[in-house]
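Participant: So the chains spell out like this:
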Amino acid sequence: GENVEQHPSTLSVQEGDSAVIKCTYSDSASNYFPWYKQELGKRPQLIIDIRSNVGEKKDQRIAVTLNKTAKHFSLHITETQPEDSAVYFCAARGYSTLTFGKGTMLLVSP
Amino acid sequence: SQTIHQWPATLVQPVGSPLSLECTVEGTSNPNLYWYRQAAGRGLQLLFYSVGIGQISSEVPQNLSASRPQDRQFILSSKKLLLSDSGFYLCAWIVAGGGDTQYFGPGTRLTVL
Chain A
14 GENVEQHPST
24 LSVQEGDSAV
34 IKCTYSDSAS
44 NYFPWYKQEL
54 GKRPQLIIDI
64 RSNVGEKKDQ
74 RIAVTLNKTA
84 KHFSLHITET
94 QPEDSAVYFC
104 AARGYSTLTF
114 GKGTMLLVSP
Chain B
8 SQTIHQWPAT
18 LVQPVGSPLS
28 LECTVEGTSN
38 PNLYWYRQAA
48 GRGLQLLFYS
58 VGIGQISSEV
68 PQNLSASRPQ
78 DRQFILSSKK
88 LLLSDSGFYL
98 CAWIVAGGGD
108 TQYFGPGTRL
118 TVL
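Going line by line, the protein sequences match chains A and B.
Adding 13 to a residue's 1-based position in the first sequence gives its number in our numbering.
Adding 7 to a residue's 1-based position in the second sequence gives its number in our numbering.
Derived by calculation from the structure, the hints in this document are not laboratory data.
Treat the hints with care, as some may be off.
Stated by the list, open to error - Here are the simulated BS3-like cross-link-like pairs (lysine-lysine), alpha carbons at most 30 Å apart as the crow flies: (1) A:Lys-84 with A:Lys-50; (2) A:Lys-71 with A:Lys-50; (3) B:Lys-87 with A:Lys-55; (4) A:Lys-71 with B:Lys-87; (5) B:Lys-86 with A:Lys-55; (6) A:Lys-70 with A:Lys-84; (7) A:Lys-81 with A:Lys-50; (8) A:Lys-35 with A:Lys-70.
Using the sequences and the hints, build the whole thing.
Facilitator: So this is what it looks like as structure tokens:
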């Protein structure tokens with residue numbers, strides 16, 4: 014089955030800095046890669062996703078890049094703000110289910 | 008628009024007691040439905056998924072079971088809870104027929120004492 018590795022597990026940045034979270038996947042048949050943000054005590058919320066026919070997607074301060082050959086994808090957050098502090102999960106879809114990474118706790122200090 | 012409901016929102020149960028958590032989706036037909044568990048400070052563990060009424064796939068064999076008695080209803084059950092069953096239980100859905108985007112319900116926080 015699919016295996017998704019996510020790094021780092023914790024990331025601390027100063028407000029205004031950029032943050033990058035990286036994930037690798039194992040199944041070359043996976044074709045959909047979403048990112049979720051989970052605030053403490055709340056449900057994961059989809060923030061951006063990318064499909065395998067696209068190499069990069071951007072939405073305001075967040076962007077995702079995908080390298081199918083290397084089987085890795087990354088989340089980039091620019092101009093971080095304290096409200097970006099949360100746990101971020103990457104995921105990959107193969108057949109019918111999403112496989113999630115273990116999550117990255119992002120801490121943005123004012 | 009589509010919405011997903013879970014209840015109860017919180018639950019405290021003694022070890023050995025039964026469990027029934029309910030998830031209902033509105034505004035869509037024949038969704039794919041999923042149950043996840045998230046232990047404190049941990050990742051998302053897929054427990055069960057269903058692509059239609061009466062169709063259940065189990066990802067992790069344990070003392071939990073799932074049922075889908077109606078198109079938009081997904082139930083998670085246990086006959087006897089264990090301490091290790093404590094966690095945040097999340098229901099999720101995807102539009103059937105090739106949709107990719109997965110949405111999570113608000114979750115049920117279960118504490119087993």
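Participant: Each hint should be assessed against the structure and marked as holding or not.
Facilitator: Hint check:
1. Taking the CA atoms of Lys-84 (chain A) and Lys-50 (chain A), the gap is about 22 Å. The hint holds against a cut of 30 Å.
2. Between Lys-71 (chain A) and Lys-50 (chain A) the alpha-carbon distance is near 16 Å, which keeps this suggested pair within the 30 Å criterion.
3. Restraint check for Lys-87 (chain B) and Lys-55 (chain A): satisfied, since their Cα atoms lie roughly 27 Å apart, inside the 30 Å limit.
4. The straight-line distance between the Cα atoms of Lys-71 (chain A) and Lys-87 (chain B) is roughly 47 Å, outside the 30 Å bound, and the hint therefore fails.
5. For a cut-off of 30 Å, the pair hint linking Lys-86 (chain B) to Lys-55 (chain A) stands: about 27 Å separates their Cα positions.
6. Distance restraint check for Lys-70 (chain A) and Lys-84 (chain A): the Cα-Cα separation of roughly 16 Å lies within the 30 Å cut-off, and the hinted pair is therefore satisfied.
7. A distance of roughly 23 Å separates the Cα atoms of Lys-81 (chain A) and Lys-50 (chain A); the hinted pair therefore holds under the 30 Å criterion.
8. A threshold of 30 Å between alpha carbons decides the hint, and for Lys-35 (chain A) with Lys-70 (chain A) the separation of about 15 Å falls inside it, so the pair holds.
Checked against the numbered hints given earlier, the structure breaks only hint 4 and satisfies all the rest.
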